[in-house]
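Q: As a plain string of letters, each chain reads:
There are 2 protein chains.
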Amino acid sequence: MSLKELAAHLNLSTTTLSLVLNGSPTAGSIPQETQKRIFSAARELNYRPNYLARSLRVQRTHTLGVIVPELSDGYSAMVLNGVESILSDQGFFYMTASHLHRSDLLERLPQVLADRQVEGIIAVDTPVRFALLPMVNVSGHDEIDGVTNVILDHWKAAELGIGHLFELGHRRIAVIKGQDFSSDTEIRWQTIRDAACARAIPIDERLVEQLKGDSPSPELGYSAMKTLLSRGEKFSAVFAFNDISAIGAIRALREAGRRVPEDVSVLGFDDIYAAAYHNPALTTVKQPLFEMGKLAAETLLDRLTATNQPAPAVLTVEPQLIVRGSTAACE
Amino acid sequence: MSLKELAAHLNLSTTTLSLVLNGSPTAGSIPQETQKRIFSAARELNYRPNYLARSLRVQRTHTLGVIVPELSDGYSAMVLNGVESILSDQGFFYMTASHLHRSDLLERLPQVLADRQVEGIIAVDTPVRFALLPMVNVSGHDEIDGVTNVILDHWKAAELGIGHLFELGHRRIAVIKGQDFSSDTEIRWQTIRDAACARAIPIDERLVEQLKGDSPSPELGYSAMKTLLSRGEKFSAVFAFNDISAIGAIRALREAGRRVPEDVSVLGFDDIYAAAYHNPALTTVKQPLFEMGKLAAETLLDRLTATNQPAPAVLTVEPQLIVRGSTAACE
DNA sequence: TTGTTTTAGTAAATCGTTTTAGTAATCAAG
DNA sequence: CTTGATTACTAAAACGATTTACTAAAACAA
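Chains as they are written, first to last, in this note's numbering: chain Z, 1 to 331; chain S, 1001 to 1331.
Hints were generated in silico from the structure; no laboratory data involved.
Treat the hints with care, since some could be wrong.
Mimicking DMTMM-like on lysine to aspartate or glutamate, the simulated pairs with C-alpha atoms at most 25 Å apart in a straight line are [claimed, not checked]:
id, chain 1, residue 1, chain 2, residue 2
1, S, K1286, Z, D153
2, Z, K177, Z, D145
3, S, K1212, S, E1233
4, S, K1004, Z, D115
5, Z, K4, S, E1233
6, S, K1177, S, E1143
Chain S is nowhere near these chain Z residues, computed Cβ spacing over 12 Å in every case [unchecked claim]:
id, residue
7, L6
8, T26
9, S29
10, K36
11, P218
12, A313
13, V323
Quick reminder that beta carbons are idealized off the backbone N, C-alpha and C, glycines included.
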């Protein structure tokens, strides 16, 4: 049932129907009676405008592209939840694409999304080098023209985390760094190092180990902790890159006969759903992932709808320390 | 840069360009030299066909709709991963929509996706009453015309789970049922009950409790177990609806002073990433979620591309028992 | 030489909307 | 009685591709 058929059925032109159905101001001159005829015929014959045709004509698709490393890594899913909550309110849809850390996809995805006529792109934890379209990068750290970065206050996050461990009396703190491909890896590491130095407990380089591989499983944290333990260097606490790796680290510690938190305190990052229910419950630095997604979506939509809204370069959100059972005072 | 502009630039018609660029058989009569001119001009001027225009004309969007309860529940994300792995190979994209168990959205989403001209819909753990479009329902249990259900062999899953607990000597087994809105709740419960009865250890109705609420957090399993414990009825094992609720249940058990698995064995379902690294590591009945997503996508694409492929009504996948540390012999 | 086929294209219709630029008919004012 | 505005519409041109149905010239066959 196209507009043309509906028009034929009513003995009116598609023009008239379009004006009336879209509530255009020009429709002011169309008598109420005709308008009613049109509306009720549309309803009865179940007329549904073809979104492609409309989008082609008005040059707006009300569709965004979303690029994530992987859907099931918890982090991305939470951000997407926030994104979707905003978009669905505004009648926008989005197409998701995962880059799986593959450089060919990283290169190509923005282009193929643009080819699909998305109006803008939200990237999550994804390195971005240029912007074909209005873009917001969640956890982006590069300053790029036309790209708004939504980032955590990393300095504060490190202060909260290291501060907490310091207050508990920990002086030899191990760190599990993120993979190089994670946007936050570098800044997280720097801020942690600075926070430790500021307290005169510099992080021993032999107490730093990096996650290896790209599985979203605790396995990587497990391996990292095994390596750390194998070095024989002493430490009483570990600051993990995220909750997932903290969970893996705890497993490795237990296997090595170290109790958590009695022998070693473990501090996570993110506050995923499972954190509160892990055993022991994870003390963690919470990122407001849902809010970051919302903020990203709101910012991008503002830019698309408002007239020539300038893109803010950076939007910062605040972390929060959630103290649970995986950290305790150092003996 | 539109086809028209490119054509003008080459002094050729859009027809010729279209034929050549799409490798149409009709282009056989166009000399190689002209073809080369066209291809290289397209490359140099970075011509990108407008997907809307093309889709409108050929009546194919290469886009699917995906309906899930919520993105961050682990289950959906894993299925989506499988879906995406197939779609991206075939040049398809998809639009995700979450229904959040809201009946208005459940009703409306298929329609708004259809309005967006998706070619088919994949629903995940979502009740479906009719099919506007070719559709595959992952964990669907209703027989609906035009809908293929991808389901787990629930009978076998129950046999594996109950069989495992039975062999360990458990005779009084508690069950945490899923919420009514979960597609698998009813069949899961029935098959578990049957498997228990077949071993002459019928499930005591006072040992059954249902998850309440729709958060994707272990909290629901925690509450359910608290209720179960508060009844004072004895049990030596519990079969949880999924890993998330099993994790919550373990927390409640520990708080009540019951050790897992020494005092109570806990059996999960799904085998999410965290299961292996929980403490204790979760024994669980694994669903091949990634494969289910792949299968759903493959089936739907087959139907869309092959000529009049009939839709299979049901596709069954096999569960697998993963024995870890949360179950042990009954004393 | 004539007729047919092949070669190398093109004009125009089409997909289903929106939007611009009208047009005829009625009405009010001067 | 003319002019100008208002009312109630519509024709046709977009949007940017694809596709059908041609044409005109060259090559080939009889």
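Q: Indicate, hint by hint, whether the structure satisfies it.
A: For each hint, the structure was consulted:
no.: 1; hint: S:K1286 with Z:D153; verdict: 39 Å, violated
no.: 2; hint: Z:K177 with Z:D145; verdict: 29 Å, violated
no.: 3; hint: S:K1212 with S:E1233; verdict: 20 Å, holds
no.: 4; hint: S:K1004 with Z:D115; verdict: 17 Å, holds
no.: 5; hint: Z:K4 with S:E1233; verdict: 69 Å, violated
no.: 6; hint: S:K1177 with S:E1143; verdict: 23 Å, holds
no.: 7; hint: L6; verdict: 15 Å, holds
no.: 8; hint: T26; verdict: 24 Å, holds
no.: 9; hint: S29; verdict: 29 Å, holds
no.: 10; hint: K36; verdict: 23 Å, holds
no.: 11; hint: P218; verdict: 4 Å, violated
no.: 12; hint: A313; verdict: 28 Å, holds
no.: 13; hint: V323; verdict: 17 Å, holds
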